[in-house]
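What follows is the residue order along each chain.
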Amino acid sequence: MTTAMPVLEATAPPHTPVQRHKVPAGRIGAHIFLAIATVLWITPIVWAIYTSLRPYNETSKYGYLSFPRHLTFSNFTTAWTQADMIHYFWNSVMITVPAVIIALLFASCVAFVLARFNFWFNIPLLIIFTAANLLPQQVIITPLYRIYLTIHVPHAISSNGLLYDSYAGLVVINTAFQVGFCVFVLSNYMKSIPHEISEAALIDGAPVWTRYWKLTLPLCRPALAALATLLTTWIYNDFFWAIALISTGNKRPITSALANLQGQFFVNQNLLAAGALITAVPTLLVYVILQKQFIAGLSLGSSKG
Amino acid sequence: MSRRDVVVLSLMIGIPLLGVLFFIWFPAVATVILSFTKWNGIGGVSQIHAEGVQNYVQAATNYPPFWPAVRHNVLWLVVFLVLATPLGMLFAVVLDRNIKGSRIYQSLLFLPVMLSLALIGIIWELIYSPNFGLLNNVIGRSGQHNLIDWLGNPNLNLWAVLVEACWRQAPYVMVLYLAGLKAVDPTLREAALVDGASAWQTFWRVVFPVLRPINVVILVITVIESLRAFDLVYITNGGNNGLELLSVLITRNIVGQVSRIGFGSALGVVLLVISLVPIVTFLVMQLRQEKRT
Numbered sequence: 001m002t003t004a005m006p007v008l009e010a011t012a013p014p015h016t017p018v019q020r021h022k023v024p025a026g027r028i029g030a031h032i033f034l035a036i037a038t039v040l041w042i043t044p045i046v047w048a049i050y051t052s053l054r055p056y057n058e059t060s061k062y063g064y065l066s067f068p069r070h071l072t073f074s075n076f077t078t079a080w081t082q083a084d085m086i087h088y089f090w091n092s093v094m095i096t097v098p099a100v101i102i103a104l105l106f107a108s109c110v111a112f113v114l115a116r117f118n119f120w121f122n123i124p125l126l127i128i129f130t131a132a133n134l135l136p137q138q139v140i141i142t143p144l145y146r147i148y149l150t151i152h153v154p155h156a157i158s159s160n161g162l163l164y165d166s167y168a169g170l171v172v173i174n175t176a177f178q179v180g181f182c183v184f185v186l187s188n189y190m191k192s193i194p195h196e197i198s199e200a201a202l203i204d205g206a207p208v209w210t211r212y213w214k215l216t217l218p219l220c221r222p223a224l225a226a227l228a229t230l231l232t233t234w235i236y237n238d239f240f241w242a243i244a245l246i247s248t249g250n251k252r253p254i255t256s257a258l259a260n261l262q263g264q265f266f267v268n269q270n271l272l273a274a275g276a277l278i279t280a281v282p283t284l285l286v287y288v289i290l291q292k293q294f295i296a297g298l299s300l301g302s303s304k305g
Numbered sequence: 001m002s003r004r005d006v007v008v009l010s011l012m013i014g015i016p017l018l019g020v021l022f023f024i025w026f027p028a029v030a031t032v033i034l035s036f037t038k039w040n041g042i043g044g045v046s047q048i049h050a051e052g053v054q055n056y057v058q059a060a061t062n063y064p065p066f067w068p069a070v071r072h073n074v075l076w077l078v079v080f081l082v083l084a085t086p087l088g089m090l091f092a093v094v095l096d097r098n099i100k101g102s103r104i105y106q107s108l109l110f111l112p113v114m115l116s117l118a119l120i121g122i123i124w125e126l127i128y129s130p131n132f133g134l135l136n137n138v139i140g141r142s143g144q145h146n147l148i149d150w151l152g153n154p155n156l157n158l159w160a161v162l163v164e165a166c167w168r169q170a171p172y173v174m175v176l177y178l179a180g181l182k183a184v185d186p187t188l189r190e191a192a193l194v195d196g197a198s199a200w201q202t203f204w205r206v207v208f209p210v211l212r213p214i215n216v217v218i219l220v221i222t223v224i225e226s227l228r229a230f231d232l233v234y235i236t237n238g239g240n241n242g243l244e245l246l247s248v249l250i251t252r253n254i255v256g257q258v259s260r261i262g263f264g265s266a267l268g269v270v271l272l273v274i275s276l277v278p279i280v281t282f283l284v285m286q287l288r289q290e291k292r293t
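Those protein sequences? They're chains A and B, same order as listed.
Per this note's numbering, the first sequence starts with residue 1, numbered consecutively.
Per this note's numbering, the second sequence starts with residue 1, numbered consecutively.
Honestly, the hints are just simulated from the structure, not real lab data.
No residue lacks a Cβ here, since even glycine has one placed at the ideal position from N, Cα and C.
Among these hints, one or two may not hold up.
[As the list claims (entries may be wrong)] Stretch-level coverage of chain B by chain A, calculated; a stretch enters the list once three of its residues show a Cβ under 8 Å from a Cβ in chain A:
#: 1; segment: 2-16
#: 2; segment: 31-41
#: 3; segment: 67-81
#: 4; segment: 218-230
#: 5; segment: 234-248
[Said to hold, decoys possible] Simulated coverage check for chain B against chain A, where a stretch passes if three residues somewhere in it have a Cβ under 8 Å from a Cβ of chain A:
#: 6; segment: 89-96
#: 7; segment: 143-151
#: 8; segment: 261-268
Work the whole structure out from these sequences, hints included.
This is the structure we're talking about:
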């Protein structure tokens, strides 16, 4: 959660495969090593999927480690309705979407100033933002918890009038916590964009906002897309902030609601597996999209270079 | 620059800066101040009393979970440093050889990084469960007389959870390192190979030194991630009975009936002081690079 070398690299020109003189034995060794590692690595996930697909009465009769007689999706539909999962998904959307948009907007503003102007405060500013993202969350949680109980916000934003126990509160802290990381990545990215384009606009007397919004941001689309993907995953996967700053069970986003799911389906591992796996679907979809964007970014870079 | 530009620029920096200062840095400083006071959170700020280092003394001498938590955090860091990180680097180096199917291996190995730690905790419960879990069933220890309670036994559970943590951390390091390896100038390697260096020598003498910046980044991430560890132990058993961590103790002292703000803050400061080491390391390295460019 600190530095995204993959993001930076996504925009670097692709490296051409080197012709290396390899001994076949090394290749076979590499294959065996990777095959064993991969099988070990995906075993827990495959096992969870397998468990989730089997009827409860079958596993209780034959045990979990047994050949399947029937495979069914009914655990998924049961978990979905019994745990009211759509509700918690909606909570996650209400928190993740605004947080990602605001974090990227704020971070791109700061990064633009850092990359395009030479103010005396550039370095301190970069430190303030970057270091904020490196702190362990628990370092600030004690005062933050009191601040959240003290700050009053309009009831339109939070039904209890406080930042504590509200979507708005989680949006605020997720944004504040992630913005530093985005500033770091985006300012590096903007520095790598040739000055010519925005300088030309400067001569024409374009105002700062136009240079930022109309000229710089469109050029940052690949970095913004990659960051949006990372942030969506991280904020969606957040557990700590929601556990500490939301007290009403049904206001929790889905990742922290997993704790309730665990209690609810304690006696039925098949349902627990199904319910837990449902929560992974959005991040896995994001992962597929992320990979596509990486490849697109790479080929774009190579066609220009 | 026009007046309007100055206003726009101030807003572009000012609003995000105020947010980060107020919601991150103000609490960080407040943690340090509050750690020298006593306050139960009732009766407003006027009820805060200065107490000197009392909270620290109490944590070290009269708070049983404190030292186990410190030990567990240290063990977490050590396991990340000697197991998860080298394993991730090894994955990256082998994948970087571009053998057939590298992409598939890489995509599958990377899967755990996409999952939330809370979900990882639940997935592994299906492995570790005493009666129904895959592990005990495979090794034949699922009978009532010879059960192994991986997550319940306080001598075992930290190791069991560390396996889960490494399962996610190793591929995370792998991807970061792979990006670094791809950026290494291929001619460097070619030259070394032409000069008759073995693959092993080429990596340690040529590639590894070039990767110094990414090595520091990975070291920083390793330390910070092991200090942040929370979700896995919390979802497993709430961070009790062999799974105490500093992060859990801090949370426990502010969330719940008893609010011991000064004491919780003192624990937070312990975490802050340790985390400053990797943070400062990282910033110094970044600023040096900044100056060079």
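Each hint, compared with the structure:
no.: 1; hint: 2-16; in the structure: holds (count 9)
no.: 2; hint: 31-41; in the structure: holds (count 3)
no.: 3; hint: 67-81; in the structure: violated (count 0)
no.: 4; hint: 218-230; in the structure: holds (count 7)
no.: 5; hint: 234-248; in the structure: holds (count 4)
no.: 6; hint: 89-96; in the structure: holds (count 3)
no.: 7; hint: 143-151; in the structure: violated (count 0)
no.: 8; hint: 261-268; in the structure: holds (count 4)
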